[in-house]
Amino acid sequence: MNQETLKRMYTKDHEWISDSQGLVYVGISSHAISELGDIVHIELPQVGDNFKAGESFGTVESTKTVSDIYMPGDGKVVDINSSMQENPEAIQEDPYQKGWLIKIELKDRIKSDLLNHEDYHTYIGKS
Amino acid sequence: MLSSKEKTTALYDKHVNLNAKIINFHGWSMPIWYESSTTEHMNVRNHIGLFDVSHMGQIFISGKNAQKFLQRLTTNDVSRLGVGEGQYTFLCNHQGGIVDDLILYRIKEDSYLLCVNSINIEKDFSWLQKNKKDCEIIEIENQSQYWSQLAVQGPKTLKALIFLEKESIYQEICHLPFNQIRSFSYHNSQCYIARTGYTGEFGFEIYVKNEACVPMWNSILDSGRDFSIKPIGLAARDTLRLEASFFLHGNDINENVSPFEAGAAWAVKLKKNSFIGQEQLIQEKEHGSFRKIFAFKMEDRAIPRHGMNIYQNKKKIGTVTSGAKFPSLDFFGGLALINLENFNKNEVFYIDIRGQEKKAKLSQKPFYKSKAK
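Keeping their order, the protein sequence lines are chains A and B.
Each step along the first sequence adds one to the number in the numbering used here, with nothing skipped, and position 120 is 120.
Here the numbering used here = 1-based position in the second sequence + 1000.
This is chain B alone, in the form it adopts within the complex (with noise of 0.2 Å):
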């Protein structure tokens, strides 16, 4: 039952349509899967899959100061962008701890599109407005009410994005590089489209307002129905981005762990001019991290769940901070922040799964790796 206070997309009426099994991912009625996560997972993985990521959040920032204020923000280089380009990027506090992780588009020459988690929407935006400096000409707006989102993932995703030869874009996004970011107009509204994703497979995630976002879902759906697209729920979403390896903000990095121990050094630039949370990587990367996000498989047949503790040689060493059966691999794996001090990489490890105590070992990152790039 849908409750007064949980939020809903302007896609809602259309997951219940589709007899979404929904629930409540942080305020929101979300759907989790429609007929089971298992083949929607692999369905991105081999065909195209349609999200609904409308609770993700849009901050805008403009103004003749927006560049320098972001470079003082954020972690990642601001001025490396140029009009069209996007960056994974991090806010970290004072500690140098990950206030959320972000991509940052620059959209035009003074305005740019911050893609935020649904979780932290406000909490980065009163982070923002704090720190803004009075003599900074810039505006910062959370409009991420006024936006819907929306994600096209998988090796067909082309396909499903024909109707847009319409709109002339089309052939623009044919060879968008990586992180890339097009504006466009659809039913009279403006859109964007970006190279990017979640899942670990091509494809590209588009922001358009709640008016448009229906047909644009039915646009997508109906020219993708003869490459097999289907929607894509939550729950597939979450085991595409651990195979692919990424974070989700609240699981595997917090406001206590620093992109360094996230093992996201690439995304931190130490040498750009001051930014907030600077003194403290600088100090961590001088002397070494103590602990580290690691990727591990299971020796055992269990599933590793957030929150279980790592041991090693009886010592705990770590916890879990994501965990999955992967359903491109057949194995069982996760992420794990693990403290480096007593840790022997080259052992095995065990994972306390209620009680049991099950055989792990070191991984790779990411798990999986998209063959069509």
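Isolated chain A (complex conformation) (with noise of 0.2 Å):
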């Protein structure tokens, strides 16, 4: 297990989260990625907008679902992968790295129930 893995860290709802540099990366994870299906749309929010820990940042649609991302802590926008927006079938290939959706500035604290990466698997019933 590389280093990038060792520190993404999941939520239940399944969005990773990385740090880099004072920023977060937050994506959603490849087993949401399976289970959803081919990912046809990706809605994004504006660079700038405010968000509180768990509220819903955007949406990811499947052919036949529409599920929302969650925010895990409370911040602002900085950066949106708009190459996800345009090309939304890419993220099923690389949803960590050339896949993440927005970068984020955080508040404070992320909130506390996130999951590392042997608990988020076991989470989700693969070790």
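Don't read these hints as lab results, they were simulated from the structure.
All figures in this text were calculated on a predicted structure; none of them were measured in a lab.
Beta carbons are placed, not taken as given, at the ideal position from N, Cα and C, and that holds for glycine.
Please note that a few of the clues may not be correct.
Residues from chain B shown here face chain A by an in silico Cβ test under 8 Å; the list is partial [unchecked claim]:
id	residue
1	Ile1032
2	Ser1037
3	Lys1325
Below, a list of computed lysine-lysine pairs in the DSS-like style, where the Cα atoms sit at most 30 Å apart [said to hold, decoys possible]:
id	chain 1	residue 1	chain 2	residue 2
4	B	Lys1359	A	Lys76
5	A	Lys64	B	Lys1130
6	A	Lys64	B	Lys1359
Take the two lone chains and join them into the complex the hints point to.
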């Protein structure tokens, strides 16, 4: 397991977050993607938008379903991955690197119920 | 997990072995996709797809008065059907609303097969029984539980049916006209094959008894292997039918929507002998419909979904009945039931997609037309 994977944390709603130089990247887990099926549309917020922890900041849509993506903590959106909006199917190929969705600046600590890689995989029933 | 109440088709184990994602579709455990709904969709457009549609219903009606009975129960003109021919038609209620849409085949002189929607099997069967007159000599049999149904669709479909050469039906189906049906024997079991489909592509629907269904499925996959055949799940079936602008009963049409509102006047023959719903439909034709189903295309990038409200000039004018991102066309669109009173067809309108107004405009039907036909 590489350094990147070890640092990555997950929410029970299947977002992943990863710290990098004071900013937090947010995306959705490969487990969530395989459950949803083909991702055909992604809605992301505007840069500068503020959200509270647990608030929906966007949606990921497959052929059959719409899923909200939730903020892992109170914070401000400082960048969005517009290439995922233009080409949503690409998220399946690389959900943890090229497939990040937003970069946020957190106001406070991240909400406490995050899972590490191992615990998340136990949580979804795949270790 | 499979709950004991869910119905399975004869191919359930095949779907599980193919790693399909299985969902509960109105009480049936059905494959929604195997690998990817988009890939499956494109495979049908470019090569061949094999669908398990055994959840569909088969009701057989036979007897001396079968034609007369069906003339009274359905909107299309049954007298136009020769043996081996089929037609798209509606069962309507007395208000002219669509009880179900179906394909009616004349399989023998006095014998008909109705292929009905899975969610409506019991309802249709009771409706037919309830409207049978005592003096009519007919038998109505709901044989759905004994029959499986496969659809083979896509420009190279005939390649996947080459195994039927042994059954001598192959030459005949190569030239079978649209909507026609033939009977043949396979593994000592009676089957029917019809030149029909729900994808907008060239293809066939095959009615096969449950016990012969697995061998039939295997033979089709074997024959089609060199021609890129793939099994196709319900998600791709839905985007394929929507690109071709085919209705899904329960979504686009229902008992409160008439065939005229659906824009399917061609399947209603008002001048034939009297039929259930005729009076209301004559009235509607004279006075014009208040609402209509339209095809629309999104101008903004967003997926319209069933039930979303549509606005024009701040007034609610209708609702989305089906919507999707169309895999073959790379745009978003759908079907909508719109009130004509406040509707300006030439202007854009807005769909409320989770609180955001997204722009759309009318489009031609169908969205997709096969080049192969």
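Hints, verified against the model:
Proximity of Ile1032/B to chain A holds as hinted, the smallest CB-CB distance being about 7 Å (cut-off 8 Å). With 8 Å as the threshold, the beta carbon of Ser1037/B comes within range of chain A, its nearest partner Cβ sitting at about 5 Å, so the hint holds. Interface restraint check: Lys1325/B against chain A, minimum CB-CB distance 4 Å, threshold 8 Å, status holds. For the hint linking Lys1359/B to Lys76/A, the alpha-carbon distance of about 28 Å falls within 30 Å, and the restraint holds.
Under the criterion of a C-alpha separation no larger than 30 Å, the hint pairing Lys64/A with Lys1130/B is inconsistent with the structure, at around 37 Å. For a cut-off of 30 Å, the pair hint linking Lys64/A to Lys1359/B stands: about 21 Å separates their Cα positions.
Violation of the numbered hints given earlier is confined to hint 5; every other hint is satisfied by the structure.
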